[in-house]
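Let the sequences and hints guide you as you build the complete structure.
In case you want the letters, here they are:
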Amino acid sequence: MSSQTPSQTVGPFFSHALTPSGDGHAPIAGRQLADERTPGTLIRIEGRVLDGAGHPVTDALVEIWQARHDGAYPEGSDAFRGFGRASTDAGGRFWFQTVKPGALPENGAPHVNAAVFARGMLNHAFTRIYFSDEQAENSRDPILTSVDPTRRKSLVASLRDLVGPPVYEFEICLQGAHETVFFDV
Amino acid sequence: MTSKRILGPRDWSSHPRQAHPDYKSTLLRSQRKPLVPLPQSLSELTGPVFGHFAVTSEDADLTRNAVRDGEAIGERIIVAGRLVDEAGRAIPNALIEVWQANAAGRYVHSQDQHEAPLDPNFLGAGRALTDSAGRYRFTTIRPGAYPWRNHPNAWRPAHIHFSVFGTAFIQRLVTQMYFPGDPLLALDPIFNATADAAARQRLVAGYSTELTEPEWALGFEFDIVLRGPRATPLES
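Chains P and H, in that order, give the protein sequences.
Residue numbers for the first sequence follow the working numbering, beginning at 15 and rising by one.
Residue numbers for the second sequence follow the working numbering, beginning at 221 and rising by one.
Keep in mind that the hints are not guaranteed to be accurate.
[Claimed, not checked] List of simulated lysine to aspartate or glutamate pairs, DMTMM-like, C-alpha gap at most 20 Å:
| hint | chain 1 | residue 1 | chain 2 | residue 2 |
| --- | --- | --- | --- | --- |
| 1 | P | LYS167 | P | ASP198 |
| 2 | H | LYS253 | P | GLU89 |
| 3 | H | LYS253 | P | ASP162 |
| 4 | H | LYS253 | H | ASP231 |
| 5 | P | LYS167 | P | ASP147 |
| 6 | H | LYS224 | P | ASP147 |
| 7 | H | LYS224 | P | GLU185 |
| 8 | H | LYS224 | P | ASP162 |
| 9 | P | LYS167 | P | GLU193 |
| 10 | P | LYS167 | P | GLU185 |
| 11 | H | LYS253 | P | ASP198 |
Honestly, the hints are just simulated from the structure, not real lab data.
Structure (structure tokens):
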């Protein structure tokens with residue numbers, strides 16, 4: 015038996031390796047998981063990462079892992095890889111372009127799994143992004159319904175009513191009265 | 221039904237506490253509400269697969285993967301090890317990404333204001349896939365220590381950042397590898413955020429004569445252990 019290697023913070027200077035843009039080092043994953051050719055409904059998830067004082071966290075890394083439009087998790091051979099990575103900008107903002115994940119009965123309401131990393135976070139934090147226009151599914155979801163109702167909405171991205179592809183807004187509060195629900199998993 | 225095996229918990233005696241006042245940035249960024257228990261499902265037990273599309277052999281040699289018109293400057297080193305789970309089983313085909321400062325202690329990053337030179341032939345980013353025995357190997361330049369503003373005269377010990385994927389999304393690990401014998405370790409709030417001394421030692425690479433290549437580069441060994449399948453519960 016071996017013991018787990020401890021986590022350490024991602025620090026402030028990861029972008030040249032993990033979210034590079036421009037020349038040289040090509041990213042292994044980015045903000046754009048899908049395009050018009052990907053089966054399913056193309057959506058955008060837009061959000062901000064905020065600290066305990068409500069200030070934007072400008073050096074966070076958000077990773078997502080999600081099912082395909084049919085609810086199955088991607089295999090290595092799928093064109094849709096299901097994994098995305100975004101760093102936050104000067105406003106603490108991030109976005110992903112992806113397809114809306116489908117639901118499988120054993121896996122609950124449609125959701126995107128997320129991990130949040132930042133300077134000042136010694137461990138990454140796991141959360142889930144559910145969708146506000148899935149009320150029926152959400153009300154039956156065992157995870158969502160297990161969460162204190164006053165905090166549940168921190169897990170639900172709200173559909174912004176705009177023309178064009180659907181945009182869901184999701185705020186990640188690392189600390190404070192509106193601290194996002196993070197999971198012990 | 222999932223055919224995936226449930227994983228054991230994150231070992232909180234090994235991992236640092238989220239709020240560690242000596243590390244100032246944790247003050248407004250650490251979680252204060254209890255984590256909410258989440259039974260593991262396919263969402264947690266599956267994860268992205270990175271094949272050779274993601275990695276070329278050059279990616280693991282940081283002394284060569286960004287050269288423009290010369291050689292990367294500094295002490296050439298080899299960093300290698302095994303990626304295993306808690307039961308000691310190899311994790312093959314796993315993506316390991318590394319990043320670091322250059323020999324002068326400077327990152328290629330717009331926000332790094334340390335007055336130390338950039339090296340035009342060194343980016344400080346690399347990646348590799350583990351082989352069938354879970355082994356990985358990087359060639360790089362030994363990073364320099366660098367100052368930060370956490371407290372007066374604060375210096376980070378030399379370190380290489382590691383980002384590791386297992387097969388499950390919840391096996392994800394981001395950590396830092398340190399060098400043996402570094403006097404800055406005892407003073408570093410990030411390293412010391414891990415309360416358990418034995419756990420901290422797992423972040424320190426060992427000098428390895430075996431990995432050292434004569435007339436070429438010192439070798440350091442750094443094994444990485446991810447959470448593994450839960451042990452079978454004993455009948456009471």
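Going through the hints against the structure:
In summary, the hint linking LYS167(P) to ASP198(P) is supported, as the alpha carbons are separated by about 18 Å, within the 20 Å threshold. A hinted pair counts as satisfied when its Cα atoms are at most 20 Å apart, and LYS253(H) with GLU89(P) does not qualify at roughly 35 Å. Straight-line distance between C-alpha atoms of LYS253(H) and ASP162(P) comes to about 12 Å, which keeps the hinted pair within the 20 Å bound. Between the alpha carbons of LYS253(H) and ASP231(H) the distance comes to roughly 19 Å, so the proposed pair stays at or under 20 Å and holds.
A C-alpha spacing of about 13 Å is found between LYS167(P) and ASP147(P), which places the hinted pair at or below 20 Å, so the restraint holds. Between LYS224(H) and ASP147(P), the direct Cα distance comes to roughly 30 Å. Violation of the 20 Å bound is thereby established for this hinted pair. For the hint linking LYS224(H) to GLU185(P), the alpha-carbon distance of about 31 Å lies beyond 20 Å, and the restraint is violated. At most 20 Å may separate the alpha-carbon atoms for a hinted pair to count; LYS224(H) and ASP162(P) exceed this at roughly 29 Å.
At roughly 11 Å between alpha-carbon atoms, LYS167(P) and GLU193(P) fall within 20 Å of each other, so this suggested pair holds. Note on LYS167(P) and GLU185(P): the hinted pairing holds, with a Cα-Cα distance of about 10 Å set against a maximum of 20 Å. Straight-line distance between C-alpha atoms of LYS253(H) and ASP198(P) comes to about 11 Å, which keeps the hinted pair within the 20 Å bound.
Figure legend: structure checked against the earlier numbered hints; hints not met, in rising order: 2, 6, 7, 8.
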